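Build out the structure end to end from the sequences listed, making use of the hints.
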Amino acid sequence: MKVVFHCYGGTHASPVTAALYLRQLDGRRRPAVCDLLRLTLFDQVEPRDFGRLIPVGDDEAGNQVYVLGCGRHPQIVLRALAGFLRLLGGNPEELLLVDVSPHINIVMRVGGFTSRVLRLVSVGRPLVGFGTVLAFPRLARLAEETRRRVEERRRGAALR
Amino acid sequence: MNVVYHCYGSAHSSVTAAAIHLGLLPRDRRPTEAELLAVPRFDRTLTRELGTPFFVGRDRAGRGVYALGRGRAARLVLNCLESLVELEGASPVAVVMINALPRLSLVTTVGGTLSRGLGLIWPGRPLTLWGVRRCYFRFVRLVEETERLLSLVEEKEERPEPNPK
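Protein chains in written order, with the working numbering: chain A, 1 to 160; chain B, 161 to 325.
Please keep in mind that the hints were generated in silico from the structure rather than gathered at the bench. Just so it is clear, the structure is predicted and the values come from calculations on it, not from any experiment. Worth double-checking, as some hints may not be accurate.
As the list claims (entries may be wrong) - Coverage of chain B stretches by chain A, computed from C-beta distances (three or more under 8 Å per stretch; other residues unrestricted):
#1 209 to 215
#2 233 to 244
Claimed, not checked - Quick list of the computed label-pair ranges, beta carbon to beta carbon:
#3 B/L278 <-> A/L118: 33 to 41 Å
#4 B/R294 <-> A/E151: 53 to 61 Å
#5 A/L159 <-> B/L206: 29 to 37 Å
As the list claims (entries may be wrong) - If we take Cβ atoms under 8 Å as the criterion, some of the chain B residues that face chain A in the derived model are:
#6 N162
#7 L247
#8 E248
#9 A250
#10 A254
#11 V255
From the three backbone atoms N, C-alpha and C, an ideal C-beta is built for every residue, glycine too.
The following block contains the structure:
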């Protein structure tokens, strides 16, 4: 299975949720901003790379985990992703898409925009880091819920 | 190998190019309006379907021919394909993207926006028909160039360079 965490830029909320899902971050403990900055992808993806599927690792069951920034056109990008995967001989039903964007707060939006689009990294990065810490409990719940979905999907596949 | 003709809405340019490629439309004359309307998806793709590569058919060389509308997300869609090809370890020419949009006249763009974007099939559809018929031979040339390109690539694939980098 391919677990894809997607949001606007794929560089703040998605990598943090993916790290929570992979248990690289502890969801029970609120992290410091510097813990987040240690993640390879955090605040690193450039807008011109939006749309690229970026691998972040495999979970315990061997499912591949990815993050994806869909910009302003998530529906188009996600349909293209499924279509291209089929064209390349893969199975789109293997995709498990997790929309992280409803869990993004205004601080993350402003900070992320400042750092990535305006390129004022020294201002935007701490701000988006702080916003992510605020959103952390919600992202942790989403990661937990994703684990359940993956488990359900696995059981469903085993029954078939 | 697969070839994907892409344009804004996969309703006019890309489906016309794909139909010419597959021999569903003539190459030596302008098609009639009825012939154009008989093309699969012509002026019928919906906005909510953008992004999906639609299978139109298989050409004589066995390549899959597709039409895709990438809306305003061209860069995103191309990035997505590029990263997926890398991750899946597929051949870089497993999916060849051909932009069918620059061949279009403004009339078709306006007609397409009316018909597909706003749902005004009249006067949108007649305008798109007129527009596509008017610059029809540009699409024929695009398809012929594409076919030449594809056979060149395939030749290269069969006989790889002696010293690949």
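The hints, checked one at a time:
1. With 5 residues carrying a beta carbon less than 8 Å from a beta carbon of chain A, the stretch 209 to 215 of chain B meets the three-residue requirement, and the given coverage holds.
2. Using a Cβ-Cβ cut-off of 8 Å, 11 residues of the stretch 233 to 244 of chain B lie near chain A, which meets the minimum of three, so the contact claim holds.
3. Between B/L278 and A/L118 the beta carbon distance is about 34 Å. The supplied range of 33 to 41 Å therefore holds.
4. Separation of B/R294 from A/E151 is about 57 Å and conforms to the stated range, judged on CB atoms against 53 to 61 Å.
5. Evaluation of the 29 to 37 Å hint for A/L159 and B/L206 yields a pass: the beta carbon distance comes to about 35 Å.
6. Taking 8 Å as the C-beta cut-off, the interface hint given for B/N162 holds, the closest approach to chain A being about 5 Å.
7. Taking 8 Å as the C-beta cut-off, the interface hint given for B/L247 holds, the closest approach to chain A being about 6 Å.
8. For B/E248, the suggested interface contact is upheld, since its CB lies about 5 Å from the closest CB of chain A, less than 8 Å.
9. With a cut of 8 Å, the hint placing B/A250 at the interface with chain A holds, because the nearest CB-to-CB distance is about 5 Å.
10. The interface hint given for B/A254 holds, since its Cβ lies 6 Å from the closest Cβ of chain A, which is under the 8 Å cut-off.
11. Restraint check, B/V255 versus chain A: the minimum CB separation of about 5 Å is within 8 Å; hint holds.
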